[in-house]
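Heads up: the sequence shown is residues 1 to 312, going by this note's numbering.
Do not take every clue at face value.
What the hints assert, rightly or not - Calculated lysine-lysine pairs in the DSSO-like style (CA-CA distance at most 27 Å, straight line): (1) LYS301 <-> LYS226; (2) LYS56 <-> LYS301; (3) LYS242 <-> LYS226; (4) LYS301 <-> LYS242; (5) LYS242 <-> LYS192; (6) LYS56 <-> LYS242; (7) LYS56 <-> LYS309.
What the hints contain is simulated information worked out from the structure, not anything from laboratory work.
Everything numeric in this text was worked out from a predicted model, so none of it was measured.
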Amino acid sequence: MEHLKDPVGENFTSVMEFVLLGFSDIPNLQVFLFGMFLLVYVITLLGNGIIILITKADQALQTPMYFFLSNFSFLEICYVSVTLPRMLLNLWTQRRHISLFACATQMSFVLMFGNIECLLLTVMAYDRYVAICNPLHYPLVMNPRACVQLVAACWITGVLVEIGQTCQIFSLPFCGSNQINHFFCDIPPILKLACADTFLNEILVFTVAVLFVMTPFLLILGSYSKITSTILRLPSATGRAKAFSTCSSHVTVVTLFFGSAVIAYLRPKSRNSSNTDKFLSLFYTIVTPMFNPLIYTLRNKDVLMALRKLLP
Numbered sequence: 001m002e003h004l005k006d007p008v009g010e011n012f013t014s015v016m017e018f019v020l021l022g023f024s025d026i027p028n029l030q031v032f033l034f035g036m037f038l039l040v041y042v043i044t045l046l047g048n049g050i051i052i053l054i055t056k057a058d059q060a061l062q063t064p065m066y067f068f069l070s071n072f073s074f075l076e077i078c079y080v081s082v083t084l085p086r087m088l089l090n091l092w093t094q095r096r097h098i099s100l101f102a103c104a105t106q107m108s109f110v111l112m113f114g115n116i117e118c119l120l121l122t123v124m125a126y127d128r129y130v131a132i133c134n135p136l137h138y139p140l141v142m143n144p145r146a147c148v149q150l151v152a153a154c155w156i157t158g159v160l161v162e163i164g165q166t167c168q169i170f171s172l173p174f175c176g177s178n179q180i181n182h183f184f185c186d187i188p189p190i191l192k193l194a195c196a197d198t199f200l201n202e203i204l205v206f207t208v209a210v211l212f213v214m215t216p217f218l219l220i221l222g223s224y225s226k227i228t229s230t231i232l233r234l235p236s237a238t239g240r241a242k243a244f245s246t247c248s249s250h251v252t253v254v255t256l257f258f259g260s261a262v263i264a265y266l267r268p269k270s271r272n273s274s275n276t277d278k279f280l281s282l283f284y285t286i287v288t289p290m291f292n293p294l295i296y297t298l299r300n301k302d303v304l305m306a307l308r309k310l311l312p
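Could you build the full structure based on these sequences and the hints that come with them?
Shown next as structure tokens:
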């Protein structure tokens, strides 16, 4: 990514709107993509909505773990709703223009929900750590008030940080090209359009990524190393299998989400990385939220039992 743009010869007309190119490079597949992404959106809304419903309706699921899971499912609905409706509209109408304010708003919410998801996954790992490594203290440590405070802290932190970061990015001057080679307003393609020095912005992006992506990932890794050590010391094979089963869904979700997010935001950028960024973003903003309900449902006996009670 270029740190300093040469203003010589540039059109200095201030950009008031952008064009989200999305998947315009494959015009013959626009209808197919619309149908596919519409199906993905419906599945994501239904899957996460059902998890929220059963965790509220079934008394057996009134525990901290499922409280965090219901909040996580609500977050996934919010996360995917920031990008998919706009992308579906663009695919259907072929009108890809987005105003500067709408672009800044979308970016702010995408980054905000992404950061909150990283923090919430860390809280869920901490919940499993306390439950398995300190079971006697679990009811005291993870009491209802503490659970609400942890979730509230995730939301407040994510909101405050990303509002500041978005304001800093959109305080840059934009001129010349207004075409964003992406399906939503993400940081790397936006910074490429700025006709000013973006070095400080890139440093801030990297710092926020380390704080909200790498640090939570390392904390989760540390939690699960302790959890694995504790489980392996259990005398009963049945007990070990049960303990591992309570963590397997969360580990799968963490791997899917953090794997793509870490590569997208912390890998070295190049001039030809736009398509790779687009693919990785598609994975962690759309594909992962769709699979999360399936992962938690198919690998969790308690959720399956609650689902059978709910269905006639």
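Decide if the proposed pair is consistent with the structure: LYS242 and LYS226, CA atoms, cutoff 27 Å inclusive. holds (16 Å)
Is it true that the CA of LYS301 sits at most 27 Å from the CA of LYS226? Roughly 24 Å between the alpha carbons, so the hint for LYS301 and LYS226 holds.
Does LYS242 sit within 27 Å of LYS56, going by the straight-line distance between their CA atoms? holds (24 Å)
Quickly compare the C-alpha distance for LYS56 and LYS309 to 27 Å and report which way the hint goes. holds (13 Å)
Hinted pair LYS242 and LYS192, Cα distance within 27 Å: violated (49 Å)
Taken at face value, is the distance from the CA of LYS301 to the CA of LYS56 at most 27 Å? holds (17 Å)
Take a quick look at whether LYS301 and LYS242 sit within 27 Å of each other, Cα to Cα. Cα-Cα ~10 Å, so holds.
Taken one by one, the earlier hints fail for this structure only at number 5.
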